[in-house]
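Chemist: Each chain, written out:
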Amino acid sequence: MPDTILVVVEQREGKLNRVSWETITAGQAIAAATGWQLEAAVVGSGLSSIAAEIAGKKLAKVYDVESPRFEPYTPDAFAVGLKQFFSSSQPKLVLMPHTYQVRDFVPKLATSMGRSVISDCVGFKHEGGKLVFTRQMFQGKLAADVSFTSDAPWFVTFQNGAFRGDKAETGASPAPVETVNVEIGADAIRNKPQEVFKEAKQAVDLTQAEIIVAVGRGIKEQKNIEIAKQLADALGGDLAASRPICDSGWLPMDRQIGSSGQTVAPKLYLALGISGAIQHIVGMKGSRAIIAVNKDSEAPIFEIADCAVVGNLFDIVPPLIEEVKKVKAGG
Amino acid sequence: MKQVPQKDAPLKLNESGAWIREDVSYEVNEPDAYALEEALRQREKHKGEVVVITSGPARAQQVLREALAKGADRAIHLEDDKFVGLDAFNTAKAIAAAIKDEQFDLIFTGLQSDDYGYAQTGVILAELLGWPHATIIMQIEKTDTGIRVKRELEAGFFQFVDMPTPAVLTIQSGINKLRYATLIGIKQAKNKPLRKVSWGDVQSALSENLQKIEKLYIPQKTKKTEYIEGAPGEIAKKLVDKLRNELRVI
Chain A
1 MPDTILVVVE
11 QREGKLNRVS
21 WETITAGQAI
31 AAATGWQLEA
41 AVVGSGLSSI
51 AAEIAGKKLA
61 KVYDVESPRF
71 EPYTPDAFAV
81 GLKQFFSSSQ
91 PKLVLMPHTY
101 QVRDFVPKLA
111 TSMGRSVISD
121 CVGFKHEGGK
131 LVFTRQMFQG
141 KLAADVSFTS
151 DAPWFVTFQN
161 GAFRGDKAET
171 GASPAPVETV
181 NVEIGADAIR
191 NKPQEVFKEA
201 KQAVDLTQAE
211 IIVAVGRGIK
221 EQKNIEIAKQ
231 LADALGGDLA
241 ASRPICDSGW
251 LPMDRQIGSS
261 GQTVAPKLYL
271 ALGISGAIQH
281 IVGMKGSRAI
291 IAVNKDSEAP
301 IFEIADCAVV
311 GNLFDIVPPL
321 IEEVKKVKAG
331 G
Chain B
1001 MKQVPQKDAP
1011 LKLNESGAWI
1021 REDVSYEVNE
1031 PDAYALEEAL
1041 RQREKHKGEV
1051 VVITSGPARA
1061 QQVLREALAK
1071 GADRAIHLED
1081 DKFVGLDAFN
1091 TAKAIAAAIK
1101 DEQFDLIFTG
1111 LQSDDYGYAQ
1121 TGVILAELLG
1131 WPHATIIMQI
1141 EKTDTGIRVK
1151 RELEAGFFQF
1161 VDMPTPAVLT
1171 IQSGINKLRY
1181 ATLIGIKQAK
1191 NKPLRKVSWG
1201 DVQSALSENL
1211 QKIEKLYIPQ
1221 KTKKTEYIEG
1231 APGEIAKKLV
1241 DKLRNELRVI
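Top to bottom, those sequences are chains A and B. Taking this note's numbering, I'd label the letters of the first sequence as residues 1 to 331. Taking this note's numbering, I'd label the letters of the second sequence as residues 1001 to 1250.
Just chain A, with the same shape it has in the complex (with noise of 0.2 Å):
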């Protein structure tokens, strides 16, 4: 049997998440370095529609692996039923992408087979035929490439971004769709939970916004708000934040750029004493044009920024106010 690299797709309430896309070019490209061989699995109850869909995409083979216990979603039911498939279908390399969902049960899942998982990786390399998966560190600020010590399977989860998508490679014809039934004991699944709902005072809709001016810890007290936010509405903008500042309470959860809130592509994303950890630059990065104001040179978000000013926005902030208004009142 070839190796074999596995690509788990993720679904919910029989919906496929379009992250799947992206965890399936790693796949397509992790394959194409090595040699091995590409399949893909959904998860879940009644899924044969998704898995026609997957199979559309260059794979060797799609399972369906089915049981009703899969729905609702429970990690016990999860970590059980894929143990139960990969002893059968032995892959090498299991590729998920790093949700929260995933993040939830692949650890245990891993650690239930005596294997671990290298989560969170934006990318691979194969060198000298070793395989070995590059995450960020310590918020960004350094880059690490990891390798498996382990026997197989190895399991990674990759960040969301860290591929693209739209160039999952189309097959020839479609893949083979094996269907796999599991089983998973009633008493195996111990959680129960409830329906997944929003919290209903989501007031602000920062996704269609063209201007984002958003504030992070380098901001330091709520107070200071006041001047970012004086900046936004010279601009026309609305005024955002990373994760501490909402967590503060100095703005409004529903505010929050970032893994946990929302995710923007304006024009122009104005970051002000933003340092850029990871869970920040997931919502922020699609921005057509990011600008960080930081003090810290060595700061992430300018690893990102098409355009950078290393000093302190309470120096910069005032002035770019009222250049703007001059400029906006000239016409």
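A hint or two may mislead.
[Said to hold, decoys possible] Okay, the calculated bits of chain B under chain A, using three or more residues with CB under 8 Å as the criterion:
hint	segment
1	1081–1093
2	1123–1134
3	1231–1243
[Said to hold, decoys possible] As a list, the in silico DSSO-like pairs of lysine-lysine whose alpha-carbon atoms are at most 27 Å apart:
hint	chain 1	residue 1	chain 2	residue 2
4	A	58	A	92
5	B	1215	B	1093
6	A	295	B	1142
7	B	1221	A	130
8	A	192	A	15
9	A	220	B	1177
10	A	267	A	229
11	A	92	B	1212
12	A	285	B	1237
Hint data in this document are derived by calculation from the structure and do not stem from the laboratory. C-beta atoms are modelled at their ideal positions from N, C-alpha and C, and glycine is treated no differently.
Based on these hints, arrange chain B on the given structure of chain A.
Modeler: Chain B alone, transformed into the frame defined by chain A:
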């Protein structure tokens, strides 16, 4: 809880090229501070005891001292330089071994660390202990049969989950408001019990690491960044020129 380099600390690589030099300032991993706060609040509601645990060199004791000063009852320190080099799988194994004679109802961890950022140790620990777990928790209520927790999902969605105890929960930042240590608390902390666990005490529970950092390095820039310099007034003028003539947003 975990001690990590301070957020704005400049990091340098050590001789091995696989880790950072140790001579930086450290602080408590931020999500862990919220996990401690939540434990203290649950104790205030339901009585009981809060125990804090960390693994790391002697310097990591500072994290435990601060936790005791904030109100934790006692502390456990897996103390050795070698604990820093463990992967998440072995860190969880070491913690599981160190607490095998304890009778905890709940274990809280931060949802991830600011250094490695693996977001795994808590979930692995749950599996090693044979306990249920839930991740990225924003609220915890006691129920007749166990607990009801509020999980944060992506894109502003949430979900309540009922689960039995004992259980492991990974706590999201912002679940509560952090308290400061009081002077009395700092004084009292000196007399609170702190149990040390040596490498030798847990070594037999550990295996070889399952993964290895081959190389640590400064990430290569993928984007061309233009640096704007000068006095604040000049910078403002240059930025506005850019906004108007290049980006055409004003």
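Chemist: Please verify whether residue 220/A and residue 1177/B have alpha carbons no more than 27 Å apart.
Modeler: 17 Å, holds
Chemist: Given the hint that residue 295/A pairs with residue 1142/B, does the C-alpha gap stay at or below 27 Å?
Modeler: Roughly 45 Å between the alpha carbons, so the hint for residue 295/A and residue 1142/B is violated.
Chemist: Holds or violated: are the alpha carbons of residue 1215/B and residue 1093/B at most 27 Å from each other?
Modeler: 25 Å, holds
Chemist: With the threshold set at 27 Å, check whether the alpha-carbon distance from residue 267/A to residue 229/A stays at or below it.
Modeler: 18 Å, holds
Chemist: Count residues of the segment 1081–1093 of chain B with a Cβ under 8 Å from any Cβ of chain A, then say if the count reaches three.
Modeler: This one holds; 4 residues, not fewer than the three required, reach chain A with a Cβ under 8 Å.
Chemist: Given the hinted pair residue 192/A and residue 15/A, is their Cα-Cα distance within 27 Å?
Modeler: With Cα atoms ~22 Å apart, residue 192/A and residue 15/A stay inside 27 Å; holds.
Chemist: Hinted pair, alpha-carbon criterion (27 Å max): residue 1221/B, residue 130/A. Please report holds or violated.
Modeler: Given pair residue 1221/B, residue 130/A holds - Cα atoms ~24 Å apart, limit 27 Å.
Chemist: Within a Cα-Cα threshold of 27 Å, do residue 92/A and residue 1212/B meet the stated pairing?
Modeler: Measuring from Cα to Cα gives roughly 18 Å; hence the hint holds.
Chemist: Given that the segment 1123–1134 of chain B was listed as covered by chain A, double-check it with a C-beta distance under 8 Å for 3 or more residues.
Modeler: Satisfied; 8 residues make the cut.
Chemist: Below or equal to 27 Å on CA atoms is what counts here, so check residue 285/A against residue 1237/B.
Modeler: 25 Å, holds
Chemist: Okay, the segment 1231–1243 of chain B and chain A, do three or more residues pass the C-beta test at under 8 Å?
Modeler: holds (count 9)
Chemist: For residue 58/A and residue 92/A, compute the direct alpha-carbon distance and say whether it is at most 27 Å.
Modeler: Holds - the C-alpha atoms of residue 92/A and residue 58/A are around 19 Å apart, at most 27 Å.
The structure fails hint 6 only (numbered hints given earlier).
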